[in-house]
Structure formats: structure tokens, C-alpha cells
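What follows is each chain in one-letter form.
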Amino acid sequence: MSPRVVVVGGGHAGTTLAALLRQGGHRGEIIMFGDEVDFPYHRPPLSKKFVDGELEQWLRPAPFYTEQRIDVRLGERVSSIDRADRRVHASSPCPYDVLVLATGARPRDLPVPGVTVGGVVSLRTLEDARALRKHLTADRRVVIIGGGYIGLEVAAAARANGVEVTIVEREQRVLARVASEELSAILASYHRERGTTIITGAQVRRLTSRDGQVRAVVLDDGTAIPCDVVVVGVGAVPRDELAVAAGLDCDQGIVVDGSARTSDSAVFAIGDVTRRPVPGVDGLMRLESIPSATEQARQVSAAILGAEAPAPEVPWFWSDQFDLKLKIAGVVVPGCHVVRRGEPASGRFALLHHDDAGAVTAVETANAPGEFMAAKKLLRSGHAHSHL
Amino acid sequence: MPTVTYELPDGSVHEVDVPCGQSVMDGSVRNNLAGIVAECGGSCSCATCHVYVDAGLFDEVSDEERELLEFAEGVRPESRLSCQLIVGEGCGGVRVRVPDTNGL
Ligand SMILES: Cc1cc2nc3c(=O)[nH]c(=O)nc-3n(C[C@H](O)[C@H](O)[C@H](O)COP(=O)(O)OP(=O)(O)OC[C@H]3O[C@@H](n4cnc5c(N)ncnc54)[C@H](O)[C@@H]3O)c2cc1C
Ligand code: FES
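Keeping their order, the protein sequence lines are chains A and B. Using UniProt numbering, you'd call the opening residue of the first sequence number 1 and step up by one each time. Using UniProt numbering, you'd call the opening residue of the second sequence number 1 and step up by one each time.
Worth double-checking, as some hints may not be accurate.
Unchecked claim - Looking from chain B toward chain A, a few residues come up when the C-beta cut is under 8 Å (computed):
id: 1; residue: P9
id: 2; residue: E39
id: 3; residue: G41
What the hints assert, rightly or not - Beta-carbon label-pair distances, calculated as ranges:
id: 4; chain 1: A; residue 1: D257; chain 2: B; residue 2: D54; range: 32 to 38 Å
id: 5; chain 1: B; residue 1: V13; chain 2: A; residue 2: G75; range: 47 to 53 Å
id: 6; chain 1: B; residue 1: T101; chain 2: A; residue 2: A303; range: 45 to 51 Å
id: 7; chain 1: A; residue 1: L305; chain 2: B; residue 2: C44; range: 28 to 34 Å
id: 8; chain 1: B; residue 1: V75; chain 2: A; residue 2: A245; range: 47 to 53 Å
Unchecked claim - Which chain A residues stay away from chain B? Per the calculated CB distances, all over 12 Å, these:
id: 9; residue: G25
id: 10; residue: R77
id: 11; residue: R83
id: 12; residue: D139
id: 13; residue: L219
id: 14; residue: A224
id: 15; residue: G247
id: 16; residue: G258
id: 17; residue: R286
Just so you know, the hints here were simulated from the structure itself, not pulled from any lab data. On a predicted model such as this, the values are computed, not experimentally measured, just so you know. All C-beta atoms, glycine included, are put in the ideal place defined by N, C-alpha and C.
Make a model of the complete structure from these sequences and hints.
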């Protein structure tokens, strides 16, 4: 008997899994709950194309789901899991043989006074991006709180369209936890040369407003940065509350093994909500990227179909800022040795990370797709050495 | 609508009508064919939409696409990224072969 698969969350991970199951010949029912009203879509354009690009890029066209017999329940939120009886509760109870949690992550709140006024947005959903597009016209001034990848992408797209942009970052550099010091420095100057103000090592104390609209961001040292729009981009937190309430093993994210199984063998979890093993890395980590979501969807599809597990992946993701197409592979750990190829000023370069033994552990590239693919191949071979 | 023939990693063959202006990748994703992953949705970023196709019917390879393919698994002279293959009137009957290496 082909099991009845229930997927909670209609994002990249959930949708990819549903499609892969049908590709692999799964015959049982597939039911996918998604609490957003839009059909599943690509999130990367939200921070890259919100000014004038094509925002709405659907993962699959609407008729796809009917044709593939994927029962998508849009706008329906799952409120609890009953593991003993193997069912979830939404507008009505829904039994499962296999449950897959693909609930993603939500933007981390900024715990300062004044954030609930008009003009303050965070960016996770298509709705958020539509709101931002409405707010951000060329004559506006935006403050972006948080210099992570999403913050920098929003900054670049806004700046390229004539918006006055200030980035406020709490750490001493942008991308402090996710990129090498070298890349942080190169990107910071790239943004500054294009007219963006970047303030690092600065805490936001509060936001001020007038008539319910944000007017300024006030820093700890008292500096007030006047603005019309604030984008809060201070990271994302996994939406693991259903799993926590159901007693599944969680540790800021649902803990899964290498086939994306949770502590209950009938329940899998995939995508941004998980804390997972990553090839070549000790312990478990959270990866928030499309390739990671796809990889885990492959793992679960193989497990459900009884097919061979996918080959170990090389984690990677991309980011577009101005005319820089950045691609990063491997896991960036602070304090590695970094060798640079190419001139940052030319907008085309690669940063190769090595451990103490000289093995390549990661690569950060801009407009250098060949270097990226070569390094990724090297990382996959597992015998990555600097002399190659 | 031009018909594109996809030969998949498992040897199965699928004929799909792809509207002009859409890509060979779109036609595959739309019909849930195995092998083309297309993580980036067609922005020439991910290289998970690799196919083999005879040259000539489609636009020239851009530098970016060429570089992505250079070190792709299973690369051959007839390798292309299917999101960059925009189907036009003259593409009817074209046949693409999908390797099993996308997503590696
Ligand atoms: C602005 C932005 C830009 C990005 N750019 C890139 C990029 O360039 N490259 C890259 O690799 N990655 C990028 N990412 C990350 C990437 O989008 C995520 O890693 C990916 O979307 C994760 O997929 P997911 O399915 O795990 O989660 P999500 O896509 O967040 O989907 C989860 C879905 O589940 C729903 N849900 C949650 N709880 C419930 C419930 N109880 N009941 C029903 N539904 C529920 C949510 O509403 C959501 O729709 C970006 C992310 C953002 C926000
Ligand atoms: S779909 Fe990503 S490069 Fe073609």
C-alpha cells in the first residue's frame, strides 16, 4: 500500500517533496497544507526584485497540483499534531501514514519599542514583498536593520532604484556570522561606493513615528536616522512550535537525521525548520537555503519510496547584489585561511577557504561561475587540497 | 505550439508541447518530468537544469552559462542549461536528453 502523505507547509521544501514523490511513482494520497493564500512561489526574488522585477514566480503553475493529484489546501493552517492517532488538526482532522513538517522559518522580531507602526516591514512572504514595493518609491529613505544576505539584497535593489539607503548592523561587520571577513569587507565597500550608508557596531534603541508612520531609527548613542521605511532583517527563527507541542526532539529547529527523519519514525521534517547533519561538518546545523530544502526533499522522497538515498551534497546558495552574482559553497567557518583570486574592484573574484591542513572547506565567489563550479566539484570529491 | 521531446535519465521519452517564449526547463517543470531540478527558477544561477541538445536551434550560449557548464558533472560539447533554451516557432521536434547528474 502506498502511504498517505501529509505535508505541513507549502513552501519550497514541501512542494518539491510532493513533486518528487509523484515523479518517483508514489500512488498514495498527498495532502499539502499551506497557511499562505498564494500558490507556492520562489522566495529569492522577494529581496532581489521587489522594486521593479517579476515578484510572483510560482514554483509550479496552478493546474499542476490537480494534474499531479497533490491536494493543496491553501490558506489552511495546521494547529496541532496527534501522533498517537496519526493525524493533524486543521479546519478538520486529517489522518496520515507519513507526516512531513515543512513549516519553514519566520523573521526574528526586533525587540525594541516602536516597531509596530506603519512603514516597518520584514521580508519573508509575497505579501511582505508587495507591501515593501508599495512603500519603497524612489523618493523614499529606507533604513535596513540587519546586514545579512537579505538585508544586503534589499539594500542593493533599493539603492539601484534611487532610494536613500542606510544599513544598521549590530556586529562589527556585515554578514558577520555567515561570510568571511574578506567578503564582508569587499561587499561593504561595494555598497558604500554605490551610495549606501553602512553603520556597524550599532544597536537600535527605538523607532519614532508620527501619525502612525515610522519617522526615524534611534541608535543607542542617540543618533536618529530619519526615514520613511524600515526593513527589519535580523534573521529567521524556525517554526518548530507544532513539533515542540507534539513532543518531537527539537533544539531551535526540529532535529532530524541524514534522511530527514525526526525522533518519531513516521514523521519527517525538511527545509528551514530543521536542524540537520551536513556532510563534512561535526554536529547538527541549520541551513536556510533552497538547495538544502531540495536536498532534504530528495532524502524524504527516497525514504518514502524505498529508493536509494541521494549522494551526499555540497551545501551552497546564491545571492544577487547590484551586478554581483554571488555563489557560496561549503560551510563558512570564521577564522579560516582565505586565498583570493581575482580583483574585487573588477567585480569578479573567488575566495577559497582552507583549513589548517590546507584542505578547501568553502568558496565564496562573485561573477565567477566557473571558479564556483570547480570548487564545488572539489568539495564533493572530499579530497579537496589547496594545490588543485 | 512546438513539441519538445525529453529523454529522461531512466530512458523514458516524453513529448511535451511548450508554448513559444517559455524555456525547455519550464516545459519539464510544468509536467513534473524527473531530472531537471531548476532550483533557481531559471535565473542562470544554479546549473541544476543541465541537458544535452544539438546546437543551432537556440540562442548562443552566454559567458555565464558557458562557465557554469564548464565544470558541471557530465559536461559534453552539446551541454546546455535548459532554462536558457527559449522555445520558438522553429524548435518543433527538438529532442533533449536529461542527465542524472542535476542536483549533484
Ligand atoms: C527574501 C528571501 C530571499 C532568499 N533568497 C535566497 C537565495 O537567493 N538563495 C537561496 O538558496 N535561498 C534563499 N532564501 C532562503 C529560501 O527561500 C529558504 O531556504 C526556503 O524558502 C526554505 O523553504 P521551506 O519550504 O523550508 O520554508 P518556507 O519557504 O518558509 O515555507 C514554509 C511554508 O509553511 C507555511 N506554514 C508554516 N507553518 C504552517 C502551519 N502550521 N500550517 C500550514 N502552513 C504552515 C508557511 O506559511 C510557509 O508558506 C531566501 C529567503 C528569503 C525570505
Ligand atoms: S534553472 Fe537554475 S540555472 Fe537553469
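If you check each hint against the structure, which ones fail?
1, 4, 5, 6, 9
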